[in-house]
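**Student:** Next come the chains, spelled out residue by residue.
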Amino acid sequence: MERDQVERRLLNDYQRDFPLEPRPYAHIADELGLREDDVLAMLADLQTGGTVSRIGAVIRPNTVGASTLAAMAVPEERLEAVAALVSARPEVIHNYEREHTLNLWFVVAAPDQAVVQATLESIAAETGLPVVNLPLQTAYHIDLGFDLSCA
Amino acid sequence: MRIDDTDRRLLAAIEDGLPLAPRPYAAVAQRLGLGEADVLTRLRRLRADGIVSRFGVIVRHHELGYRANAMAVWDLPDGQVDDVGRRLAGHDFVTLCYRRPRRLPLWPYNLFCMVHGRDRDTVREQIARLNAEHGLDTHPHDVLFSRRRFKQRGARYSMRGAA
Numbered sequence: 001m002e003r004d005q006v007e008r009r010l011l012n013d014y015q016r017d018f019p020l021e022p023r024p025y026a027h028i029a030d031e032l033g034l035r036e037d038d039v040l041a042m043l044a045d046l047q048t049g050g051t052v053s054r055i056g057a058v059i060r061p062n063t064v065g066a067s068t069l070a071a072m073a074v075p076e077e078r079l080e081a082v083a084a085l086v087s088a089r090p091e092v093i094h095n096y097e098r099e100h101t102l103n104l105w106f107v108v109a110a111p112d113q114a115v116v117q118a119t120l121e122s123i124a125a126e127t128g129l130p131v132v133n134l135p136l137q138t139a140y141h142i143d144l145g146f147d148l149s150c151a
Numbered sequence: 001m002r003i004d005d006t007d008r009r010l011l012a013a014i015e016d017g018l019p020l021a022p023r024p025y026a027a028v029a030q031r032l033g034l035g036e037a038d039v040l041t042r043l044r045r046l047r048a049d050g051i052v053s054r055f056g057v058i059v060r061h062h063e064l065g066y067r068a069n070a071m072a073v074w075d076l077p078d079g080q081v082d083d084v085g086r087r088l089a090g091h092d093f094v095t096l097c098y099r100r101p102r103r104l105p106l107w108p109y110n111l112f113c114m115v116h117g118r119d120r121d122t123v124r125e126q127i128a129r130l131n132a133e134h135g136l137d138t139h140p141h142d143v144l145f146s147r148r149r150f151k152q153r154g155a156r157y158s159m160r161g162a163a
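In the order they appear, the protein sequences are chains A and B. Residues in the first sequence are numbered from 1 upward in steps of one, following the working numbering. Residues in the second sequence are numbered from 1 upward in steps of one, following the working numbering.
For the record, the hints were derived by calculation from the structure and aren't laboratory data. By construction, the Cβ of each residue, glycine as well, lies at the ideal position given by its N, Cα and C atoms. Take the hints with a grain of salt, since some may be wrong.
[To be verified] Label-pair restraints from in silico Cβ distances:
no., chain 1, residue 1, chain 2, residue 2, range
1, A, ALA88, B, ALA132, 16 to 26 Å
2, A, ASP37, B, GLY79, 36 to 46 Å
3, A, ARG78, B, LEU32, 38 to 48 Å
[Claimed, not checked] Straight-line C-alpha distance at most 20 Å; calculated SDA-like pairs for lysine to any residue:
no., chain 1, residue 1, chain 2, residue 2
4, B, LYS151, B, GLY65
5, B, LYS151, A, THR127
6, B, LYS151, A, LEU32
7, B, LYS151, B, ARG60
8, B, LYS151, A, THR51
Start from the sequences and build out the full structure, keeping to the hints where you can.
**Tutor:** Dropping the structure here:
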């Protein structure tokens, strides 16, 4: 297989059920016709380059810890500074500018609801701007990974 | 679904990712004072019970060339949200689909879908398809494209992460 094709399979085929056995990288290497060292090196490169965030567990919402989606309407001239302040909070895991009056959207995740609430209140207090709290009520689609063959 | 304190410690220990070493579960186990087999049994159970909805390679869309990322939102009558939400979630280009509360007057929408695509036109077409196929055009809706990504990483539910 070409390197591109191997890389694509490495990225696409192990998003949901990474081998849960003592030597997972050796298992993947067997399936892709590589050596364990190659798989480890490729994953390290992909992680350094930013394509792979990590090999990890995606936890179903509201089973462990607490989280919410929040939004703010930030005046354009303050957006950089407010975004930096929001990103600096360790509880903030995603933070995006979006095209809307509510132009800053971020996800807060913490061990419990009290910490989530305190984080939102502290951001509102520090910026003097209202924070709109949009907690999840129902998930219709849980995160099953991202199929590289679609979209 | 059951989860105990050791499960929580285990999930916290892998929040930053599974180590890139030949025996990654043994490395995690050692950090926690557990056995490798115990760690594997626990992860298998958490995955089977659905507390871990997936376990594996977590990619970043943007770096993969999926540069357009839209949050499509609708204001649907309360009695219809669940039905429409389940149907929208069935489209392969919808990566997340959630019901969230309205916050009037600032925010009138209660159904959210994330759509990722290579460019904005593709994403717009996909959202138009959702509107057409599910008869959603008559309901108030909007599409919020992302412009800048300021931060993106995995959740840290442990106290260490929240400190």
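**Student:** State for each hint whether it applies.
**Tutor:** Taking the hints in turn, this is what the structure says about them:
1. Take A/ALA88 and B/ALA132: their Cβ atoms lie about 42 Å apart, and the range 16 to 26 Å is violated.
2. At about 57 Å, the beta-carbon gap between A/ASP37 and B/GLY79 misses the expected band of 36 to 46 Å.
3. A/ARG78 and B/LEU32 have their C-beta atoms about 43 Å apart, which keeps the hinted 38 to 48 Å range intact.
4. For a cut-off of 20 Å, the pair hint linking B/LYS151 to B/GLY65 stands: about 18 Å separates their Cα positions.
5. Between B/LYS151 and A/THR127, the direct Cα distance comes to roughly 18 Å. Compliance with the 20 Å bound is thereby established for this hinted pair.
6. Taking the CA atoms of B/LYS151 and A/LEU32, the gap is near 33 Å; set against the 20 Å cutoff, the hint is violated.
7. Of the pairs offered as hints, the one joining B/LYS151 and B/ARG60 holds, with about 12 Å between alpha carbons and a cut-off of 20 Å not exceeded.
8. Of the supplied pair hints, the one linking B/LYS151 and A/THR51 holds, its CA atoms being roughly 15 Å apart against a limit of 20 Å.
Comparing the model with each earlier hint shows violations of hints 1, 2, 6; every other hint is respected.
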